[in-house]
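Engineer: Listed here are the chains, written in short residue letters.
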Amino acid sequence: MNIVVLLKQTPDTESVIRIAGDGQSIVTADLKWIINPYDEFAVEAALRLKEKHGGTVTLVSWGPRRVVESIRTALAMGADSGVLIDDPALTGSDGLGAAKALAAAVQEIAPDIVLCGSRAVDYDLAERGPMVAELLGYPHLGLAVALDSDGSVVTIERPIEGGKVSLAADLPALVTMGGSHAVWNPRYASLPGIMKAKKKPLAVKTLADLGVDAGDCGPDAAKIRITALEPPPERAPGRIIDGGLDLDGKAKALARALREEAKVL
Amino acid sequence: MKRLVDERDVKFVLYEQLRVDRLCDHPRYADFSPEMFDMAIEQAEKLADNEFYPANKIGDREGCRFDNGQVHVPAAFHQPYRKYCEGGWLAMCDAPEVGGQGFPVVVANACIEFFAAANWALLMYPGLTHGAARLLERHGSEELRELYLSQMYSGQWGGTMCLTEAGAGSDVGNLRTKAARRPDGSFNIEGQKIFISSGMHDLTENIIHMVLARIEGAPKGTRGISIFLVPRLRYDEQGQLVDNDVNCGGIEHKMGIHGSATCVLNFGENGRCIGYLLGKENSGMRIMFDMMNEARLFVGMQGLAHASTAYLHALQYAKDRVQGSPIESLKDPNAKRVAIIEHPDVRRMLMFMKSGTEGLRAMMHLTAYCLDRVRIAQSDEERELFQDYVDLLIPICKSMGSDLGFRVCETAIQVYGGYGFTSEYPVEQFLRDCKIASLYEGTNGIQALDLVGRKIAMKRGRLFKNVFKASNEILVKIKANYRLRDLIRIYEEAQESLIQATKFLGLKSMTDEFHVPILCAKPYLDLFGEVVIGFLLLWQAHIADRRLQEIYKDHNAKDAEACGQVLKSNRSAAFYRGKVASAEFFINQTLTQAAGKARAIMNNDKSALEIPDDGFALV
Chain B
175 MNIVVLLKQT
185 PDTESVIRIA
195 GDGQSIVTAD
205 LKWIINPYDE
215 FAVEAALRLK
225 EKHGGTVTLV
235 SWGPRRVVES
245 IRTALAMGAD
255 SGVLIDDPAL
265 TGSDGLGAAK
275 ALAAAVQEIA
285 PDIVLCGSRA
295 VDYDLAERGP
305 MVAELLGYPH
315 LGLAVALDSD
325 GSVVTIERPI
335 EGGKVSLAAD
345 LPALVTMGGS
355 HAVWNPRYAS
365 LPGIMKAKKK
375 PLAVKTLADL
385 GVDAGDCGPD
395 AAKIRITALE
405 PPPERAPGRI
415 IDGGLDLDGK
425 AKALARALRE
435 EAKVL
Chain R
103 MKRLVDERDV
113 KFVLYEQLRV
123 DRLCDHPRYA
133 DFSPEMFDMA
143 IEQAEKLADN
153 EFYPANKIGD
163 REGCRFDNGQ
173 VHVPAAFHQP
183 YRKYCEGGWL
193 AMCDAPEVGG
203 QGFPVVVANA
213 CIEFFAAANW
223 ALLMYPGLTH
233 GAARLLERHG
243 SEELRELYLS
253 QMYSGQWGGT
263 MCLTEAGAGS
273 DVGNLRTKAA
283 RRPDGSFNIE
293 GQKIFISSGM
303 HDLTENIIHM
313 VLARIEGAPK
323 GTRGISIFLV
333 PRLRYDEQGQ
343 LVDNDVNCGG
353 IEHKMGIHGS
363 ATCVLNFGEN
373 GRCIGYLLGK
383 ENSGMRIMFD
393 MMNEARLFVG
403 MQGLAHASTA
413 YLHALQYAKD
423 RVQGSPIESL
433 KDPNAKRVAI
443 IEHPDVRRML
453 MFMKSGTEGL
463 RAMMHLTAYC
473 LDRVRIAQSD
483 EERELFQDYV
493 DLLIPICKSM
503 GSDLGFRVCE
513 TAIQVYGGYG
523 FTSEYPVEQF
533 LRDCKIASLY
543 EGTNGIQALD
553 LVGRKIAMKR
563 GRLFKNVFKA
573 SNEILVKIKA
583 NYRLRDLIRI
593 YEEAQESLIQ
603 ATKFLGLKSM
613 TDEFHVPILC
623 AKPYLDLFGE
633 VVIGFLLLWQ
643 AHIADRRLQE
653 IYKDHNAKDA
663 EACGQVLKSN
673 RSAAFYRGKV
683 ASAEFFINQT
693 LTQAAGKARA
703 IMNNDKSALE
713 IPDDGFALV
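As you go down the protein sequences, you meet chains B and R in turn. Okay, so the first sequence: first residue is 175 according to the numbering used here, each after it adds one. Okay, so the second sequence: first residue is 103 according to the numbering used here, each after it adds one.
Please note that a few of the clues may not be correct.
Here are the simulated DMTMM-like cross-link-like pairs (lysine to aspartate or glutamate), alpha carbons at most 25 Å apart as the crow flies [stated by the list, open to error]: (1) Lys370(B) x Asp123(R); (2) Lys224(B) x Asp254(B); (3) Lys660(R) x Asp204(B); (4) Lys438(R) x Glu408(B).
Have a look at the derived ranges for each label pair, beta carbon to beta carbon [claimed, not checked]: (5) Ala702(R) x Arg240(B): 47 to 55 Å; (6) Gln602(R) x Ile414(B): 49 to 57 Å; (7) His657(R) x Gly412(B): 34 to 42 Å; (8) Arg240(B) x Gln602(R): 46 to 54 Å; (9) His657(R) x Val319(B): 21 to 29 Å; (10) Ile191(B) x Glu598(R): 46 to 54 Å.
Derived by calculation from the structure, the hints in this document are not laboratory data. Yeah, the Cβ is synthetic: ideal placement off N, Cα and C, and Gly gets one too.
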């Protein structure tokens, strides 16, 4: 089975995020970068498919040269090869622009299935998967929490309000991963895996290499702009209900606070 | 916020201070790159954070269970242990020919810090296995290696070191376990060992014990001790695994590391326990000492790791916990309440923890780096030089790591206030788990004797001279930095105090007052350790200050106000300023006491010896 995983590099979820002077971007110096956790689920799902059916897992990503580290980490988990689209023309592109570049790279590989996270933990736009699927003319199955394939059809499960739904589509198809770390439990890269990753093929391509016109996906083509970023409000200190009350009194005070102040009951 | 290890500081030690990237220039490490080191460290952190740490508190609460001869580890230990072994972490720095991953020792040490900080009790199982496997690799016959080694390095089987007996702890020469020759060259083993970490457990189907015993007719004392490989399950003539009469008589109930099984082991209760000699007869102590350096560094790492996580927990708590008003509005009842990190005394405690942890980290990784340099030395002289550094630093790593690590844990509880004393918060566990480090693998008193009685005198004092020759070469470069001149002056005075104390003890050892160096051995080791840490932090301050000045220059910050702005907005600048602060704090607060500590050693105080036993108390 020829499997492609779209992989994005995002800041570590525990990084301290600071907004840059322009008010529209974040300070990227001194950030620790990781594989977008939802894309890591996709890597895990891809490796399980490969273990079942054989074949290869190819990682496709875009971004600056530092993204190589994340691709190598996924190679160390067990993927076979990687493609990084590194082109300065993509700086400042919007989601659609990036999706065009990714779709072109996927097209070259002509996979049976494309897997990626349903969202990224940075801007949380949840648009990459559907966009790439649309550009490739693939069916798009979103938010999978379970995935299986017999080589010609892919079936997934996804949660819906109060239950779950099973969906199927003919291959080639694109599936985005939902769920959580506990659902997918992505494997750790082993030390032998790290040793092997160094020797696995990793191609760095420009838009020209992919036959994509920079004017179609660069900042000038962007249909969406970020106009402002704001940090979340500072966390207020916790409140301890005591006031010399007995257990019943505390419970009542807590219930009142939850209903009248927090309005969650 | 991550609360195991300050990864940025690890990278600072590795790449900016020790320049471990240069190890990749050597053929032995030519397959590696700094990117691979980083990837390994990142995965270690992830595995430690996601798998080891969640099992830490559970392991403490649940403890090990002894049931009819079998020992059950906390159930939560099984999955992380399996993942650790699957990842190849157990034999990370061992040669690929024996199933290892071939990484530099210093990089493996950096990874160990994460696992150790996350769950020391769990890490002890593979840690002990590794030590035993190394011993087998170096001293076992080809046949024994073939039978047992690869299962140990993979973690499929466990391993232990069996030294201690009821009557033979620090006095190991007094041991009574017997070995009787069998016609086929193997030995019948009979005796009881106590305090055996990982002696019996259900993580692995088999456990390979390295047992010190005396062959019948061998001399008394340490000269008559041999070392044997004694499997729990041994191969019989048909190549089947059969029971080898190694039985667990019970486990200890301890102050800490509850998840680590500390066992009483009975060998040959039924006369059916067979052991296989490692190395030559009566060379057990020499072989054991060969392993001692790495085992003691490992225990030093425990102290560092507990310090590291205790510090980061306390730091987070100090930032979150709101209590009291700022010092300038102390009497105003309406003043805004602030996080306790605003309070000077809390900041002082945090600085003690930060500087101590960073100093220990530099010392441990420097020592591991020297082990790498021994491995890749280009000449016998070079090998001997780096081995000398290691031999001198090991007792200091072990003793300072455990003692200072414990004090950092204690200070973490102090930062938490009364809450830190409750089991609702994790820091009291760190303190309990950490305490054992000053006791096992040779008590810290034994470490001090090793330093004063052996290492200082060894090769006519050459180890000592070589270490200070190397540090002085670096110091010459640091001295070019006028911003550090006050710190350098204090450091040099402290170093001189140490040299004077060393000479004093050397002279005393040749007189009939030879017990004075023994009496002062521990204070001397502490003084030595503080000077080493002071030096390493000063070296770090020099590197950090250079980087900081570059950042100021890049931001065109020319006055104090502009620099202050850079420190607020630039996290790298804040990090480097923090490194300089660690050196300032440690050198000003601790190294200034060196002269007094040297004086305490040199004033020939013998009160502890002269006091009559009844004079301690009439009870």
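Engineer: A range of 34 to 42 Å was offered for this pair. Does it hold for the Cβ distance of His657(R) and Gly412(B)?
Structural biologist: 38 Å, holds
Engineer: Is 21 to 29 Å right for how far apart the beta carbons of His657(R) and Val319(B) are?
Structural biologist: Violated, at about 48 Å.
Engineer: Within 25 Å, alpha carbon to alpha carbon, are Lys660(R) and Asp204(B)?
Structural biologist: 23 Å, holds
Engineer: Given the range 49 to 57 Å, decide if the beta-carbon distance of Gln602(R) to Ile414(B) lies inside it.
Structural biologist: For Gln602(R) and Ile414(B) the Cβ distance comes to about 56 Å; the hint holds.
Engineer: Taking the beta carbons of Ile191(B) and Glu598(R), is their distance inside 46 to 54 Å?
Structural biologist: Holds, at about 49 Å.
Engineer: Using the beta carbons of Ala702(R) and Arg240(B), state whether their distance is inside 47 to 55 Å or not.
Structural biologist: 53 Å, holds
Engineer: Has the given pair, Lys224(B) with Asp254(B), been kept, meaning a C-alpha gap of at most 25 Å?
Structural biologist: 10 Å, holds
Engineer: Need the status of pair Lys438(R), Glu408(B): alpha-carbon distance at most 25 Å?
Structural biologist: Holds - the C-alpha atoms of Glu408(B) and Lys438(R) are around 16 Å apart, at most 25 Å.
Engineer: In this structure, is the beta-carbon distance linking Arg240(B) and Gln602(R) contained in 46 to 54 Å?
Structural biologist: Taking Cβ atoms as reference, Arg240(B) and Gln602(R) lie about 52 Å apart, which means the hint holds.
Engineer: Checking one constraint from the list: CA of Lys370(B) to CA of Asp123(R), max 25 Å. Satisfied?
Structural biologist: Since the Cα atoms of Lys370(B) and Asp123(R) sit roughly 19 Å apart, the hinted pair holds (cutoff 25 Å).
Violated hints amount to a single one, hint 9; each of the other numbered hints is respected by the structure.
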